[in-house]
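Novice: Using the supplied hints, reconstruct the complex from the two chains, each of which is provided in its own coordinate frame.
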Amino acid sequence: MRIRTVCELNLTGQMQFKAIFFIAATLIAAGLLGVELNLLARGRAAVRLLEQENRQQETGNDHLAGEIEGLRVSKPRIDALYSRLSDTMIASRGTSSLHINSAPTAPLTGDSSSFESAGIAGFTQAGLIVQPVRVPNGEMSIIYEAGTAGLEFHRLVPLLSEQENADLFLYFDKVLLSRPASIPPFSTDPTYLDTRLTIRMLTAK
Amino acid sequence: MKNLFLSPERIILRSYQRELVFRGVGFIVLIAAFLQLPILFFALTAWRDYQAQSDRKVQLLATENELESKLMAFKDTRQKLGQIQQWEPIIRGRLPCGAVLAAIEQTVPADAVLEKISIEAARFQALPVVGGTYRVPEVYTLSLQGSLKFGHADELDAFTNELKKRLPIGSQLVRSKLLEGTENLVPFLLVYSITPAGNYSALGVQRIADPDRL
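Residue numbers (this note's numbering), protein chains in the order written: chain P, 1 to 205; chain Z, 1 to 214.
Chain Z extracted, bound-state conformation (with noise of 0.2 Å):
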């Protein structure tokens, strides 16, 4: 039978004008078609960051040349550097016993008198230094023995303190024993225990940076 009033090609445009599916259809193209536009703002975007990021990286690089050969011309001074900082634990771990003994020499009272004064390192650390190693000892055993004169004992304990506020920070009194003695003499015997820490200001020692003041 023919269809008199509607071609088959205008009842399919009809169909696809009006069926809930096509127009879905045609919604969803739509979105897809509308949401190009913040796609391509933000690809753009991004590109041009990624073009001026880029132009910066090749700024930076110059600059580092730059800076690089600027550093060349410090060679010797960054060795030297480099070589004084390999240094520096094995100076700083150098417990001046010139000026400990200077420091016994002024703090002992004049009731007091020592027979024998020893400092002995302990606990050596090999360093790496040029050629091999170097052993650098990480603590110092200062004994003193001595004696006062009868009466006078109590002058042990400002001894004692005095002293060791002139020894290197961290320093420790081991030992502190007063001992038979004579009817003179009352003997003592003094052990500290000294890390090397590498500030010796308190023994009136000048730090080795420091300029001369001749």
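One chain only, chain P, in its complex shape (with noise of 0.2 Å):
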């Protein structure tokens, strides 16, 4: 009876055994395998990133060099254009001092008023009456109001057209071309119509 009670607990001893023997086996091998490949993942996936940098940086390079490409075919087209804008620019602002009606041709000096007058010098040398007006906070502009009774529709036309051309920020805000009652219609008499303009200017700092 001992002796079988003995041979019993060698037996479920050496079953206990082999079971952790296989388990531990088993853990061991899979743990193994599983650091190894989630190494090799984390080195597939940092190759990627850095497959996708690469990519990221060589768009960027031929953006680069599109650009450089770009600017070194327009350089020429970009100054002469720049030149052309900024060159009619006003470029001051400030209290104006008018000389209104009176024909500006007095040279620039720097003076801010000079370059004012300058701005508007075609209109009042046409003949517009012309006058200041109060700029809204924080706008880079200066504007006028101007008002003749004295230019034909065929003279107008060319004279705005001429100063749309030189100041290419020039913007009539208004404008306002009425035939005066005293002259009826299909009149064949020259028709000085009632003109009045807002007219605005971008201005440099």
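Hints in this document: simulated from the structure, not taken from any laboratory. Do not rely on the hints blindly, as some may be mistaken.
Unchecked claim - No farther apart than 20 Å at their CA atoms in a straight line, the calculated lysine to any residue pairs in the SDA-like style are these: (1) Z:70 x P:65; (2) Z:165 x Z:107; (3) Z:165 x Z:194; (4) Z:164 x Z:106; (5) Z:70 x P:73; (6) Z:116 x P:182; (7) Z:57 x P:56; (8) P:75 x Z:71; (9) Z:116 x P:194; (10) Z:164 x Z:175; (11) Z:149 x P:191; (12) Z:70 x P:182; (13) Z:75 x P:67.
Stated by the list, open to error - Some chain P residues well away from chain Z (every beta-carbon gap over 10 Å; in silico): (14) 12; (15) 13; (16) 58; (17) 60; (18) 85; (19) 87; (20) 125; (21) 126; (22) 127; (23) 129; (24) 131; (25) 134; (26) 138; (27) 146; (28) 150; (29) 185.
Idealized CB from N, CA, C, for every residue including glycine.
Specialist: Printed below as a string of structure tokens:
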């Protein structure tokens, strides 16, 4: 009886040992493989990330090269256009001291009023009476109201076109042309229109 | 009792060799060992790829530095281009009023006379410029008041359509109305809404960026 019990105990111990041995071996093998596969996956992910970064860098470099080439090719046009645009801009802004209805033919001296006068010289020379208007806060512009009753339509149109061509930032916020009541319709006499303009020009800082 | 035939070591060894559990463990060890080969292969491949990509990164960064230094030579041009781009919406939003008046002059019928022409900007949008803002209108209203000779009222439609063709794309006729007149004249009123879209070729205006033909 005692021998049998000892044998049973030995058998149970052996079974336990085998089970533990098997499980431990399986776990160790699986763990090792798992760690290796994980490291491999991380490595591949790092390679992919680097590859993606390189692709982005390559795209950025291509973009940069394209920009350089574009700037190189377009440089003369950009310079010319910039000169044309910036030259037309009124150089400074400040309180105006306009000589109303006078032709400012004096050379520009750097004085702000001279610059401003130069901006509307064409209008004053054409005989328009020009009056500065208050500029809204923060706006980089000078605004004038101009009027005349001494220009015919066929003289007014080239004047406006000429001034628009001379200053590409010149805005006519309001143009009002009306035939005087004293002139009947279809009259063959010269018709001097009542002209009212609101002129706005961009100024540099 | 002494075992006369087999030593305990021999029994244990035989047990390791023949029992299913130990065979299973041996199989697992063999599988794990065998799997080391592809893992090693992929690890080497990954390492090689990583090295190649790292080298490429260094090259690309060197190229970028080289390009940046080249770009510095165009700094001035770049600034000018940026400034032009900032001005672009201001120039695009400007309706060439002179050209509009010229278009009216060219399209008005011989039997019509204009009494009042009004072009008025509205719905201003403040755009940022150096030192502040500049207002740019989003819409212009063109109003024409005039008269047609009696019996020529049908010419208003032709005038309306012809003028609309000359106005910038997107212009709309808001109002076209014949008014009560005298025995000789039929007054009319035309109102157009013009959205300044930057393309004024219909008015015969040359693009600013185009070179002068002179």
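Novice: According to the definition I'm using, a residue is off the interface if its beta carbon is farther than 10 Å from all beta carbons of the partner; does residue 85 of chain P meet that for chain Z?
Specialist: The claim is violated: residue 85 of chain P sits with its nearest Cβ about 6 Å from chain Z, within 10 Å.
Novice: Far enough from chain Z: is every CB of that chain over 10 Å from the CB of residue 12 of chain P?
Specialist: 15 Å, holds
Novice: Could you grab the alpha-carbon distance between residue 165 of chain Z and residue 107 of chain Z and see if it respects the 20 Å cut-off?
Specialist: Distance of about 10 Å is within 20 Å: holds.
Novice: Against chain Z, does residue 126 of chain P keep a CB gap of more than 10 Å to every residue?
Specialist: At about 13 Å from chain Z, residue 126 of chain P clears the 10 Å cut-off, so the statement holds.
Novice: Beyond 10 Å from chain Z, beta-carbon-wise, is residue 13 of chain P?
Specialist: At roughly 13 Å from the nearest Cβ of chain Z, residue 13 of chain P sits farther out than 10 Å, so the non-interface label holds.
Novice: Taken at face value, is the distance from the CA of residue 67 of chain P to the CA of residue 75 of chain Z at most 20 Å?
Specialist: 12 Å, holds
Novice: Taking the shortest Cβ-to-Cβ distance between residue 138 of chain P and chain Z, state whether it exceeds 10 Å.
Specialist: Violated: least Cβ distance 5 Å, not greater than 10 Å.
Novice: Keeping to a limit of 20 Å between CA atoms, is the pair of residue 116 of chain Z and residue 182 of chain P held or broken?
Specialist: Judged against 20 Å, a Cα distance of about 14 Å means the pair holds.
Novice: Would the hint linking residue 116 of chain Z and residue 194 of chain P be met if the CA-CA limit is 20 Å?
Specialist: Answer holds: residue 116 of chain Z to residue 194 of chain P is near 9 Å, not above 20 Å.
Novice: Would you assess whether residue 58 of chain P, listed as outside the interface, keeps its beta-carbon beyond 10 Å of every beta-carbon in chain Z?
Specialist: At about 6 Å from chain Z, residue 58 of chain P fails to clear the 10 Å cut-off, so the statement is violated.
Novice: The output says residue 127 of chain P does not contact chain Z. Does that hold with a beta carbon cutoff of 10 Å?
Specialist: 17 Å, holds
Novice: Below or equal to 20 Å on CA atoms is what counts here, so check residue 70 of chain Z against residue 73 of chain P.
Specialist: Since the Cα atoms of residue 70 of chain Z and residue 73 of chain P sit roughly 14 Å apart, the hinted pair holds (cutoff 20 Å).
In this structure, the hints that do not hold are numbers 12, 16, 17, 18, 26 and 29, in rising order.
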